[in-house]
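In case you want the letters, here they are:
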Amino acid sequence: MKYTNLSDAVLVSNYIKGQENALAILIERHKQRIYSFIYSKVFDRDISEDIFQDTFIKVINTLKKGRYNEEGKFLPWVMRIAHNLIIDHFRKDNRMPKFEDNGEFSIFSIISDGSLNAEKRLIKDQVEDDVRKLIKELPDDQKEVLMMRMYKDMSFKEISEKTGVSINTALGRMRYALINLRKVIEKHNIVLTA
Amino acid sequence: MTNNYFLSSFEERELVPKKTTIDFLLNYSKALSVIDYKQLKFEILLN
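Chains R and L, in that order, give the protein sequences. 0 is the number of the first residue of the first sequence in numbering that gives the first Met the number 0; add one for each residue after it. 0 is the number of the first residue of the second sequence in numbering that gives the first Met the number 0; add one for each residue after it.
Hints may be right or wrong, so weigh each one.
To be verified - A partial selection of chain L residues facing chain R, derived with a Cβ cut-off under 7 Å: (1) Ser28; (2) Lys29; (3) Val33; (4) Ile34.
By construction, these hints were calculated from the structure, which means they are not laboratory data. The beta carbon of each residue, even a glycine, is placed where N, CA and C say it ideally should be.
I would like the entire structure built from these sequences, with the hints used as guidance.
Rendered as structure tokens:
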């Protein structure tokens, strides 16, 4: 009798006894049905390939550990393993939303590490330095309010108490400070962006 | 329509795992040995 004509049950038995080529025949015999079944559920070649591989890893582990007890029903058993792995795949897939880089949207725009690279850090330092120089040119009362608000993070109430002016005056000085800064920036065509 | 029929039959023919996947499985099988020791089963993967 030709080796390839042996039934699944005999091949499984031979494999358990240590004949490795019995597994090759079993895979060769059933690969198309199992793979097609997986593909018909997931519609993705790579995922089908992964599930097919995981299915047979489970098959190999179970057979080698001697835990297989469904003689004569090899294919339905393998199909059931594949089916369970497909369900696991979809469960995992629902828990982990995927983002595909399709050109219009890049996942790296979301998961960047947030820190600046050397070039951007230099530009940021330069911009901050320029802003500091511009602030120095403001009238003292406006400069004082702006420094307290932006650099010391004080509220307008705290600023008014510290400088002895009303909150409205402090707000007005802040407003004029920003207007004056904008005027200087526009007048001298200063670029303050990266 | 002709194209669709052609495509589906072509895909059907091609619905098999890659040779590399099967080779991996066969090598995995060869490398895996299970050792029984006092009702415990130890898996050993040899490269």
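Structure-based check of all given hints:
1. Ser28: Given a least distance of 5 Å, the restraint on Ser28 of chain L holds.
2. Lys29: holds (5 Å)
3. Val33: Cβ of Val33 of chain L sits 5 Å from chain R, so the hint holds.
4. Ile34: Result: violated, 10 Å to nearest chain R Cβ.
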